[in-house]
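Participant: Sequence:
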Amino acid sequence: MKKLFQILLLLLSTLGFSQQKEGIVTDSLGNTIENAYLYNETSKSHAHTNENGQFILDKTFENDIITITALGFKKKTQIVDGSEKSIVLISSSYNIEEIVISKKNNAISQIMKLDLQNSPVNSSQEILRKVPGLFIGQHAGGGKAEQIFLRGFDIDHGTDIALSVDGMPVNMVSHAHGQGYADLHFVIPETLDKIDFGKGSYYANKGDFATAGYVAFKTKEKIDKNAISLEVGKFGTIRTLGMFNLLPKNNKQSAFFASEYITFDGPYVSSQNFRRLNLFGKFTNVLEDNSKFSVTASQFSSEWTASGQIPQRLVEAGIISRFGAVDDTEGGKTSRSNLNVEYYKPISENLFFKGNTFYNNYQFELYSNFTFFLENPVDGDQIKQKENRTIYGFNGEFNKKMENSKSSYQVGFGLRTDETKDSELSNTKNRSTTINQLKLGNINQKNYFSYINSDIELGNFTINPAVRLDYFQFSYLDKLAPTYKIDNEQVVKISPKLNFLFAPHNKVQYFLKSGLGFHSNDTRVIVSQTDKKTVPTSAGADLGTIVKPMKNLIINSALWFLQLEQEFVYVGDAGIVEPSGKTRRMGIDFGFRYQLSKFVNINSDINYTYARSMKEPEGQNYIPLAPDLTSTGGISLTNYKG
1 MKKLFQILLL LLSTLGFSQQ KEGIVTDSLG NTIENAYLYN ETSKSHAHTN ENGQFILDKT
61 FENDIITITA LGFKKKTQIV DGSEKSIVLI SSSYNIEEIV ISKKNNAISQ IMKLDLQNSP
121 VNSSQEILRK VPGLFIGQHA GGGKAEQIFL RGFDIDHGTD IALSVDGMPV NMVSHAHGQG
181 YADLHFVIPE TLDKIDFGKG SYYANKGDFA TAGYVAFKTK EKIDKNAISL EVGKFGTIRT
241 LGMFNLLPKN NKQSAFFASE YITFDGPYVS SQNFRRLNLF GKFTNVLEDN SKFSVTASQF
301 SSEWTASGQI PQRLVEAGII SRFGAVDDTE GGKTSRSNLN VEYYKPISEN LFFKGNTFYN
361 NYQFELYSNF TFFLENPVDG DQIKQKENRT IYGFNGEFNK KMENSKSSYQ VGFGLRTDET
421 KDSELSNTKN RSTTINQLKL GNINQKNYFS YINSDIELGN FTINPAVRLD YFQFSYLDKL
481 APTYKIDNEQ VVKISPKLNF LFAPHNKVQY FLKSGLGFHS NDTRVIVSQT DKKTVPTSAG
541 ADLGTIVKPM KNLIINSALW FLQLEQEFVY VGDAGIVEPS GKTRRMGIDF GFRYQLSKFV
601 NINSDINYTY ARSMKEPEGQ NYIPLAPDLT STGGISLTNY KG
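Residue numbers (the working numbering): 1 to 642.
Because the hints were derived from the structure by calculation, they are not lab data. Since this is a predicted model, take the numbers as computed values, not measurements. Be aware that one or more of the hints could be misleading.
[To be verified] Computed beta-carbon distance windows for the label pairs: (1) Y608 / L498: 24 to 34 angstroms; (2) Y261 / M586: 44 to 54 angstroms; (3) S321 / Y343: 49 to 59 angstroms; (4) E41 / Y261: 43 to 53 angstroms; (5) L438 / E231: 40 to 50 angstroms; (6) Y261 / P549: 40 to 50 angstroms; (7) E231 / Y343: 30 to 40 angstroms; (8) A317 / P120: 25 to 35 angstroms; (9) R129 / Y608: 14 to 24 angstroms; (10) N430 / S28: 50 to 60 angstroms; (11) I555 / N436: 56 to 66 angstroms.
[Said to hold, decoys possible] Straight-line distance between alpha carbons at most 25 angstroms, and here's what the computed BS3-like set of lysine-lysine pairs gives: (12) K345 / K249; (13) K85 / K44; (14) K507 / K104; (15) K421 / K400; (16) K333 / K384.
For glycine and all other residues, C-beta sits at the position ideal for the given N, C-alpha and C.
Produce the complete structure using the sequences and hints provided.
Facilitator: What follows is the structure in structure tokens.
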């Protein structure tokens, strides 16, 4: 009887194994394809590939017929015979009918591939505009990070949106110009492979600054062919681009190098003398056990002169022209060196680890003059903001798929350290003369974090509970203080999330998302305001849907709510602390993507926000620079051959 029971167990385990097929989906270059959709025509089971192109398809036997589709690739039909362990798809033009709405928390980010195909970008400023509902504004000569607007937020240069590239943080904590300063100019647009985004604070793997949302960029591992381009325009505009394969085409190893150089003088009386250089190199190696590691190194440098803002009355009086300047020594220079190592390791059939380790060296020097001669009628009101920063840290995540289930969970952890030397705010004259120093000191900030995220599938429902823990250490050495003293402070933040997804089929998803988030404040604020809530919490919720009513139409909509606690913001331009009070924002997001034909695509995004301060009287509770109604739209013609 005991032997019979053992045989029965063996047969059952064999049967269970035979019902499950696993494999990987790649393109012809060997790049893994995320979110490819596999459908078993025989058993009606289905699966999506993960971020590493891997899939596990249940209820699948030998000789079953499966179809594989992915955005930007030709549909493929295959018989299950063992060869499905490595499926190669052939590239084609992007068609909306290939999009399958998944049960993922960030399913809407699939449309980014479609938008990038239909309207490619060739400047780093344009990259962020691909996020539905996000606007940017460029000022001060093109060298500064763009000003960002999203969901009724004037995010300034990045205070309430978390940006990353290949897992490296872009936002700068305790920056000389402003908290969360995020300069994406070190990214060469042609090196980007995909853009992932999400609105709100509902994602456990996104921490500091992810209140209004996040945008995560991923660079390519391989390029199809070498390329050289030259663009020339008015006012000394030149852009050169080079991309070169460094190794022969190989599915196991790849390396490429890219460079970009931009100049622009502008129409101004005083030339902008804008110069930007980007160098980028990446090596990727796939090992025998399908482990993979990538090493990326890049260098960015930029310098410029800005004519700045000018008074209208001086132009009307004929004292200066429209393109003149009051202080033509505004401008600055900045640079960033990056080293990033990414690693992926499959541990078992249902478990893998991924992570990255990064090191960045960053230099920043900015000269501005907003009030001309108001404060100092003799020497002028020019200020200098300067810092020398080192950033290093790591991100790690274990990803486990439950056996005999489509549910999964992730456990993540990491560290980020920022060290600045001589973060400075000074009054200057013509850049060369320092009149007096207002702020000067060294900043050290550490962020340890961990999180647990679950995706529990119950039929057509997915429940996504998660919790994130952040521990901060802040220290500041004020070099202008009469005595040597390092001020320290510690803060702990716990951020729970709970999301519900309902997808009765692959053409619709309904969602209810909720979560707590936060953004840190400048170290100089936190160590001086220890009795206040200097790392305030945000609380938000989204209720919406993504629907594909026709094969060539996708519609997304959401009602959302976001409330922020009292917070104190360090104003880098003045070296002071300003309270902003409690705020509440509510809004509606609506967008669609419609493919009229193989060549013509129409898109639009409309966003309305009601943003108010909570403690101010009616009529005085408007939030400065908070946009209420924004909209974008376009028609594109692609792959047309007349």
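Participant: Now look at each hint and say whether the structure bears it out.
Facilitator: Hint by hint, here is what the structure shows:
no. : hint                            : in the structure
1   : Y608 / L498: 24 to 34 angstroms : holds (26 angstroms)
2   : Y261 / M586: 44 to 54 angstroms : holds (45 angstroms)
3   : S321 / Y343: 49 to 59 angstroms : holds (56 angstroms)
4   : E41 / Y261: 43 to 53 angstroms  : holds (52 angstroms)
5   : L438 / E231: 40 to 50 angstroms : holds (41 angstroms)
6   : Y261 / P549: 40 to 50 angstroms : holds (46 angstroms)
7   : E231 / Y343: 30 to 40 angstroms : holds (37 angstroms)
8   : A317 / P120: 25 to 35 angstroms : violated (45 angstroms)
9   : R129 / Y608: 14 to 24 angstroms : holds (19 angstroms)
10  : N430 / S28: 50 to 60 angstroms  : holds (57 angstroms)
11  : I555 / N436: 56 to 66 angstroms : holds (58 angstroms)
12  : K345 / K249                     : holds (23 angstroms)
13  : K85 / K44                       : holds (19 angstroms)
14  : K507 / K104                     : holds (13 angstroms)
15  : K421 / K400                     : violated (41 angstroms)
16  : K333 / K384                     : holds (11 angstroms)
In this structure, the earlier hints numbered 8 and 15 are contradicted, and the remaining ones agree with it.
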